Structures are given as structure tokens and as C-alpha cells.
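Number of protein chains: 2
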Amino acid sequence: MTSMTDEREVIRRPADRRERILDAAEKLARRGGYFGFSFRDVAAAVGVKSASIHHHFPTKEDLVVALTARYRDRFLESLGDPLQPGAARRLADAYRSAVGTRDQMCLCGLLAAESDALPEATRGEVGTFYDANIDWAARALGGETERAEALIAGLAGAVVLARSKLDPGIYDRAAAALLSGVSSGHR
Amino acid sequence: MTSMTDEREVIRRPADRRERILDAAEKLARRGGYFGFSFRDVAAAVGVKSASIHHHFPTKEDLVVALTARYRDRFLESLGDPLQPGAARRLADAYRSAVGTRDQMCLCGLLAAESDALPEATRGEVGTFYDANIDWAARALGGETERAEALIAGLAGAVVLARSKLDPGIYDRAAAALLSGVSSGHR
DNA sequence: CAGTCCTTATCTATCAAGTGGTAGGTTAGA
DNA sequence: TCTAACCTACCACTTGATAGATAAGGACTG
Chain A
1 MTSMTDEREV
11 IRRPADRRER
21 ILDAAEKLAR
31 RGGYFGFSFR
41 DVAAAVGVKS
51 ASIHHHFPTK
61 EDLVVALTAR
71 YRDRFLESLG
81 DPLQPGAARR
91 LADAYRSAVG
101 TRDQMCLCGL
111 LAAESDALPE
121 ATRGEVGTFY
131 DANIDWAARA
141 LGGETERAEA
151 LIAGLAGAVV
161 LARSKLDPGI
171 YDRAAAALLS
181 GVSSGHR
Chain B
1 MTSMTDEREV
11 IRRPADRRER
21 ILDAAEKLAR
31 RGGYFGFSFR
41 DVAAAVGVKS
51 ASIHHHFPTK
61 EDLVVALTAR
71 YRDRFLESLG
81 DPLQPGAARR
91 LADAYRSAVG
101 TRDQMCLCGL
111 LAAESDALPE
121 ATRGEVGTFY
131 DANIDWAARA
141 LGGETERAEA
151 LIAGLAGAVV
161 LARSKLDPGI
171 YDRAAAALLS
181 GVSSGHR
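Chains as they are written, first to last, in the working numbering: chain A, 1 to 187; chain B, 1 to 187.
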């Protein structure tokens, strides 16, 4: 019971502290972007001091890179297999998860918009997110890379528009139009 | 010669100083967003002290609101008449102007992504930008509001993707697909 | 025309708060 | 005892914003 992983809810739970830091930082970064939150904001949300954040992630760039990589991996995993039926619909649903909830903008959409001002490693992670998204969509569309780019662009833009207008309907209508356009123009 | 407006390049040119402040601030905001630049950054770019910026725009929100309103008005003016031939192409070209040049992201695309963390008045200006864009596109498409939303979303997203990947081709291909999708799916 | 007054635009100097980051000490578990 | 995790306490710097001085120019007034 006291070996292996400690399941008691004691004061310290070092194992998942790192994950909780990433959780808090992700929440903040999805609201205000790279420059819209501070180490102290993260620390306060987790319930520790800012020096502890530096212990796990020496610099802000380290933190945001880790954040973005985790976000990307989880997002891609949630998409499943692009060759299984209903792939385009699943993609649209995944993007939709960043609509409707306040302060939960798509992390990579926000960081991509700030791209010019980001540290290089961070920009790289964001680029990988969209590379992987386009690749996934292209496979789902039978290798039509150009239509995949247009679809990802459209979904990403629709998230921003719908959030900015506080109207999820914009996303749903735009996604429907994009999906019908994608399927009608080809195949 | 010394009456009316003074055309000499003397030390003080108060008339256009305000515009020059907006020019500098726009450049900075299009790079790093609302939280990515400071009054001192703007002041240094213009060649004055930060207190002088506060004289023209008391708060940062005032500055960014003025910035966004000017950007929106200019953008809409550049689109011309949505009922004239080639309107969709003109729209795509207007969005394209924010692709390829470094540090010149579409201001409203960036601010919309940061929307959750912006002061309310600023968010309002950004919302108006997209309202007007969708309205313009809907008129260009013969009243098809849903397709207009999808088109604007697609173009806005394509700008972000192309910039983030430093590949203008992404924008061009996505724009072409969006325009063909828009015209093929209907009419 | 001279004198003064007001407005505009700018400056210097400063503020309290917040920034990313560091040094070094403390504590608890393996 | 060693190490990871966390702390207190700080650092130099930046942030948005303010107060008050200065200077220039236009506009009334005598």
C-alpha cells in the first residue's frame, strides 16, 4: 500500500504536479495567449509559488512548448483513424470542442495567430500541429491535400469567428458548409 | 507661407502625430497582439516618450479601439462594392495582403483569437469587423449568409495557417478551394 | 500692435504593480 | 544521506498610468 505509487491524498503529490501545472497553464494560455499569462498566474491557479513552476519548466518557452506538445498529442489522439467512416465529421466535432466554452479557445489557433512574436521552438510546435492536422484531413479526404488545407483553415477560422461573436451557431453553420463543399467538389 | 498648415519639416508636426502613433501601434499589434506590445514600444517607434502616447490615447484600450476601428474602416473601404463583378476574388485578395509579409498578421484575426482576454470595447470592435465582413460577403454571394460565414472563416483561417507555416502557397491553395467550393456548391 | 491667456503637445520624473528568472534554504520520502 | 519538490526572498527590469513643468501657437483684449 505504501509501495509503488502513493494513492493517498496527502499534502504532496509530486507525480501529477507537473500535469496540474500544465493544466493550469493551458487554461490560461487558451485565454490570453503567450503574453497573456504569467508564471505567477499559473502558480496561483495550482496553489504553489512561482519558483516551483520554474523547477518543473525552467523558462516560459519550456512551459509553453510542453503545453503545446501535450495539446497536439491529445488532439490528434482524439481524432482517431482518418480512414474510419465519418472522419470529416469527427474532425469538425474536435474543433467544435473549442467553441461555446468561455476561455477555452483552441490553443494552437491562438498561438498561430501570435506566431510572429513567439520563441522559435514554440512556433515550431504550433506548425507541427497544423502539419499533422492537414495530413490527417488529407488522408480522410482520400489524399486531396488542397481540400484538406481549405477544410482545416475553415474550421480553425470558424472557431475564432464563433468565439469572437459568442455565437456557436456560426461554427456549426460554417462547418456544415465546409463539409458539404468538401464532399461536393470532389469524389 | 506661415499661415494655414505649416508645411515645413520643423520639430513639431502635431497634425499627423496621432496617425503616426496609430501606424506604429498597428504594426506592433499585428505582430504580438494586445499583450505583445507596450506604450514604450510605440513611443520608441514614433520617436517620442510614452507619456505623449497617453496624451493622445489615455489608456491602452483607447489606443487599440482606435487602431481597430481605423483598420476595419480601411479594410472595408478597400473591398469596394460587393455587387461589382469579381467581388469574391477581391475579398480573397484583401485577406491575402496579410500573408507573406512578416509581422503583418491581420489585426482582427489576432485580436479575435485573443478575444476572451480583451477589454470589452476592443472585443466589440473586432466583432464589428467580422459582422461587416460576413455582411459584405453575403451580398457578394447573393444573400447566402451561411456560405459567406464559411468563406470568411476559411480565408481568416488560411491567413493564420499560411503565416504560421511561412508558406503563402497554403493561403493561395485554400483560397482557391474555398472560392470554387462556394461557387460549385450553389448557383 | 503688444500683452495675456488658453489650449495643445511634449517632456522629465515618478509610481505601484507585475515580469521572468535566480539563489539558497527547508522538508520529506526513497 | 541523497534528491526532488517546494519554499522565502530577492533581482533587475518592464508595465500602464499619473503629476507637473515647459514651450509653442492661436486667440482674444487693450
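If you're looking for bench data, these hints aren't it; they were derived computationally from the structure.
Note that the structure is predicted; figures quoted are calculated from it, not measured.
There could be a bad hint or two in this list.
Where chains are identical, the list cannot tell them apart; a pair therefore holds if satisfied intra-copy or between any two copies.
Stated by the list, open to error - Simulated pairs of lysine to any residue, SDA-like, Cα-Cα distance not exceeding 25 Å:
{"hint": "1", "residue 1": "Lys60", "residue 2": "Phe39"}
{"hint": "2", "residue 1": "Lys49", "residue 2": "Arg89"}
{"hint": "3", "residue 1": "Lys60", "residue 2": "Gly80"}
{"hint": "4", "residue 1": "Lys60", "residue 2": "Asp135"}
{"hint": "5", "residue 1": "Lys165", "residue 2": "Asp131"}
{"hint": "6", "residue 1": "Lys165", "residue 2": "Arg20"}
{"hint": "7", "residue 1": "Lys165", "residue 2": "Ala138"}
{"hint": "8", "residue 1": "Lys60", "residue 2": "Gly142"}
{"hint": "9", "residue 1": "Lys49", "residue 2": "Thr101"}
{"hint": "10", "residue 1": "Lys60", "residue 2": "Gly47"}
{"hint": "11", "residue 1": "Lys165", "residue 2": "Arg31"}
{"hint": "12", "residue 1": "Lys60", "residue 2": "Ser38"}
{"hint": "13", "residue 1": "Lys165", "residue 2": "Gly142"}
{"hint": "14", "residue 1": "Lys27", "residue 2": "Gly124"}
{"hint": "15", "residue 1": "Lys49", "residue 2": "Ala92"}
{"hint": "16", "residue 1": "Lys60", "residue 2": "Pro85"}
{"hint": "17", "residue 1": "Lys49", "residue 2": "Arg90"}
{"hint": "18", "residue 1": "Lys49", "residue 2": "Pro168"}
{"hint": "19", "residue 1": "Lys165", "residue 2": "Ala66"}
{"hint": "20", "residue 1": "Lys165", "residue 2": "Pro82"}
{"hint": "21", "residue 1": "Lys49", "residue 2": "Ser97"}
Here is what the structure says about each hint:
1. When the C-alpha separation of lysine 60 and phenylalanine 39 is checked against a cutoff of 25 Å, the pair qualifies both within a copy, at 8 Å, and between copies, at 23 Å.
2. Proximity of lysine 49 to arginine 89 under the C-alpha cut-off of 25 Å is found in neither arrangement, the shortest distances being 43 Å within a copy and 53 Å between copies.
3. When the C-alpha separation of lysine 60 and glycine 80 is checked against a cutoff of 25 Å, the pair qualifies neither within a copy, at 31 Å, nor between copies, at 44 Å.
4. With identical chains, the CA atoms of lysine 60 and aspartate 135 are never at most 25 Å apart, being 29 Å at best within one copy and 41 Å at best between copies.
5. For a Cα distance limit of 25 Å, the shortest separation of lysine 165 from aspartate 131 across copies, 9 Å, qualifies, whereas the shortest one inside one copy, 28 Å, does not.
6. When the C-alpha separation of lysine 165 and arginine 20 is checked against a cutoff of 25 Å, the pair qualifies neither within a copy, at 31 Å, nor between copies, at 30 Å.
7. In this homomeric assembly, lysine 165 and alanine 138 come within 25 Å of each other (Cα to Cα) only across copies, at 17 Å, whereas the closest approach inside a single copy is 30 Å.
8. In this assembly of identical chains, lysine 60 and glycine 142 lie within 25 Å of each other by CA distance neither inside one copy nor across copies; the values are 40 Å within and 49 Å between.
9. With identical chains, the CA atoms of lysine 49 and threonine 101 are never at most 25 Å apart, being 28 Å at best within one copy and 41 Å at best between copies.
10. In this assembly of identical chains, the alpha carbons of lysine 60 and glycine 47 lie at most 25 Å apart only when taken from the same copy (18 Å versus 31 Å across copies).
11. In this assembly of identical chains, the alpha carbons of lysine 165 and arginine 31 lie at most 25 Å apart whether taken from the same copy (15 Å) or from different copies (23 Å).
12. Taking identical chains as interchangeable, the C-alpha atoms of lysine 60 and serine 38 lie at most 25 Å apart whether they share a chain (8 Å) or sit on different chains (19 Å).
13. In this assembly of identical chains, lysine 165 and glycine 142 lie within 25 Å of each other by CA distance solely across copies; the values are 23 Å between and 34 Å within a copy.
14. Within a single copy, lysine 27 and glycine 124 get their C-alpha atoms as close as 21 Å, and across copies as close as 23 Å, so both meet the 25 Å cut-off.
15. Within a single copy, lysine 49 and alanine 92 get their C-alpha atoms no closer than 39 Å, and across copies no closer than 48 Å, so neither meets the 25 Å cut-off.
16. With identical chains, the CA atoms of lysine 60 and proline 85 are never at most 25 Å apart, being 40 Å at best within one copy and 50 Å at best between copies.
17. In this homomeric assembly, lysine 49 and arginine 90 never come within 25 Å of each other (Cα to Cα): the closest approach is 40 Å inside a single copy and 53 Å across copies.
18. In the homo-oligomer, the alpha carbons of lysine 49 and proline 168 never lie at most 25 Å apart, since the shortest distance is 37 Å inside one protomer and 43 Å across protomers.
19. In this assembly of identical chains, lysine 165 and alanine 66 lie within 25 Å of each other by CA distance solely across copies; the values are 20 Å between and 30 Å within a copy.
20. In this assembly of identical chains, the alpha carbons of lysine 165 and proline 82 lie at most 25 Å apart only when taken from different copies (23 Å versus 31 Å within one copy).
21. For a Cα distance limit of 25 Å, the shortest separation of lysine 49 from serine 97 qualifies neither inside one copy, at 31 Å, nor across copies, at 45 Å.
Hint violations for this structure: numbers 2, 3, 4, 6, 8, 9, 15, 16, 17, 18, 21, all remaining hints satisfied.
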